[in-house]
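Participant: Full structure from sequences and hints, please.
Protein sequences, first through last, are from chains A and B. Counting in my numbering, the first sequence runs from 10 upward without gaps. Counting in my numbering, the second sequence runs from 41 upward without gaps.
Because the hints were derived from the structure by calculation, they are not lab data. Careful: at least some of the hints might be erroneous.
Stated by the list, open to error - If you want the footprint, here are the derived chain A segments under chain B, 3+ residues with CB under 8 Å: (1) 122 to 131; (2) 185 to 191; (3) 255 to 267.
Said to hold, decoys possible - Listing some non-contacts, in silico: residues in chain B with all C-beta distances to chain A over 12 Å: (4) Leu62; (5) Gly107; (6) Thr131; (7) Cys137; (8) Ile202; (9) Tyr210; (10) Phe217; (11) Val227; (12) Tyr352.
Virtual Cβ for every residue (Gly too), placed ideally from N, Cα, C.
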Amino acid sequence: MPGAPARQKTARCPRSIGEDAGDMDLSAIGSQLLVGLSRSMILFIISSGLSLVLGVLRVPNFAHGSLYMLGAFTAFTVATALGGGPGGFWWAVALAPLVVAGICLLVERGLLQAIYHREHLMQMLLTYALVLIFSDLVKLIWGVEYKSLMPPPALTGAFTFLGTSFPRYSLFLLIVGPLVAVALWLFLNRTRLGKICRATATDREMVDALGINSKWVFAAVFVLGGWLAGLGGVFMAPTVNIVLGMDHSIIISAFLIVVVGGLGNVWGALVSALIFGVGESFGVLFWPRFAIVFPFLIAAVLLIIRPSGLLKSVW
Amino acid sequence: MRPQPVRPTVEKDATLKRSALLPVAAAFLVLLVLPSFIPSYYVYLFTLIYITALLATSLNFCLGYGGLLQLHHAVFYGLGAYTVAITAVRTSLPLWCGLLLGPLVAAAIGWVMGWFCVRLRGLYFGMLMLALGQLVWTVVYRWYEFTGGDDGIHGLSMPPLIDSLTGCYYLTLVVFFVCLGIMYLMVNSPFGVTLQATRDNPVRSESIGINIRRHQLASFVIAAFFAGVAGVLFVVLERSVSPALLFWSKSAEVLIMCLLGGMSTFLGPSLGAAAVVVLSTVIGIHTEYWLIVLGVILLVLVLFLPQGILGYLEERIGSGRGLKGASEDYVEG
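Facilitator: In structure tokens form, the structure reads like this:
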């Protein structure tokens, strides 16, 4: 069942901490901020894929969480198949998202392309059918036991900075997240396909009129979205238990991040992923038991005060 | 923004069909004597079907007739159920107070949520509802002292009259028929027809002076109320509550029921609920992979039978009543 990942519960601070701010433990705040930021990076990687799909294909893809779960489970299999050695994680990073992307290609050509003209409710229900099917397939293939993936030795443990210890893996995520963001920016702004994607998001008919086969643009975007979901799954895997139901716990957060950020706007997804991740980790600091309330509370408040998202929606 | 599709005007019989009363009364009588002839397990199953059917019909009231993208209806089901359980465990009030309070609490919280939601359109509406619903879920899930947290509350005792399974069956049956009757009257009342008009053509409705938000909010609250009734009945049957009642996947399940039976028909969601309850029981006996079956059914429905079973039948028979195309076009971004 969903919940804050176990590693987020490390900071045990009394609720009264807000009342005597003078004694506030700066190192706790620092490490909590880092944990929050690193979680934001994973959330961004996952929701940027969802946002691209929503922006270009206009399909609210509930199966995005399942793709993320598939990424994590495939990563486990890849790492185990290679003997669980230190290189296993890197092979998982390389291969698992590609497997998920391959599945996405089949799903897009086989099913999704039939429902682009349908209303959102039907699209959601079709992708929800995929959620059901994928969750039972995962149960069939991997069983119901918890799985875990070890990060490579270089990323385990903690380093000390200004008297505070920070987990190395969080720092790694803090480097990877911006790299993915920059790569996405380069793709969307500097490549022909990326420009076509943005054009399709803005005005599909015009793209068709220019003689571009938008069919394959859609397929490419869905595959890219799935690749990002899989990548998010691999990066999340060392920080949580890989378990059935992890799809259910991430998909609502991902959707809310995308909607709060502005539908289809990847940079909006980055901004709101930062708000969500940091908000949740400070929730852990101030009110540990109800920390998982914060993302939903933030989303609800932001949606009420800015009903069409923080940044401009492409819709 | 896409242009508004031109859609057929709602065909509505001016008078409620009196001829329909006879089959309804006959069905009621048959169901009334049924428990004497079937094993108690089937009595339980029938009771569960009435409860689920009431929940699905209440969702369809705002989804199919109001055109609201209600993605998290199970919240109100859970709120109704939790009100009964919490009244019984945490207060000294008699249990019937909880039974009466359940739907009222669901409607009150529905009013608060709906007040915010109806300001938003389409997908944003659905997403705000998801956020608010999950907010309620997390509070229930984590507030151990008050709600029992992820364990829920178990082992409630019921008043003698509805303590037995048969008593519970009769209570559920009567409440089910009364609630569906009320909703049917509402759908065919001037309010209901106006509501359908706001769904079919919001722009035109607004230009002739209909307050769209008020109608949407009303349908939202009414749907929440009846979902609360279903939640109360669920506790009477099961005597326990758990946070799974208001998790979002429960809402998705209810959406599937509406789609399966047919969102453009009044009785469709009930049929869909019965089908899902029966199928999950029957298939659940043979395999633990029931979800994959439900997923495939859902795929087939979306791709080939989006109007649902009853909607399809009505089309084939061509009776022309019902609401054409209720399932199309919720969302105008």
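Participant: Are the hints correct? Go through all of them and say.
Facilitator: To see whether the hints hold, each was checked on the structure:
1. Only when three residues or more bring their CB closer than 8 Å to a CB of chain B does the claim for the segment 122 to 131 of chain A stand; here the count is 7, and the claim holds.
2. For a cut-off of 8 Å, the count of residues in the segment 185 to 191 of chain A with a CB near a CB of chain B stands at 0, and the three-residue condition is violated.
3. Counting residues of the segment 255 to 267 of chain A whose beta carbon lies closer than 8 Å to any beta carbon of chain B gives 4, which meets the minimum of three for the stated coverage.
4. Against chain A, the non-interface label of B:Leu62 holds: every CB pair exceeds 12 Å, the least being about 35 Å.
5. For B:Gly107, the condition that its CB be more than 12 Å from all CB atoms of chain A is violated, with the nearest at approximately 10 Å.
6. Listed as a non-interface residue, B:Thr131 keeps its Cβ farther than 12 Å from every Cβ of chain A; the least gap is roughly 23 Å.
7. For B:Cys137, the requirement that its beta carbon stay farther than 12 Å from each beta carbon of chain A is met, with the minimum near 28 Å.
8. At roughly 31 Å, the least C-beta separation between B:Ile202 and chain A is larger than 12 Å, which holds for a residue marked as non-interface.
9. No beta-carbon of chain A is positioned within 12 Å of the beta-carbon of B:Tyr210; the least distance is around 35 Å.
10. With a least CB separation of 29 Å from chain A, B:Phe217 remains clear of the 12 Å interface cut-off, as annotated.
11. The claim that B:Val227 is not at the interface with chain A holds, since no C-beta of that chain comes within 12 Å of its own (minimum 19 Å).
12. For B:Tyr352, the requirement that its beta carbon stay farther than 12 Å from each beta carbon of chain A is met, with the minimum near 15 Å.
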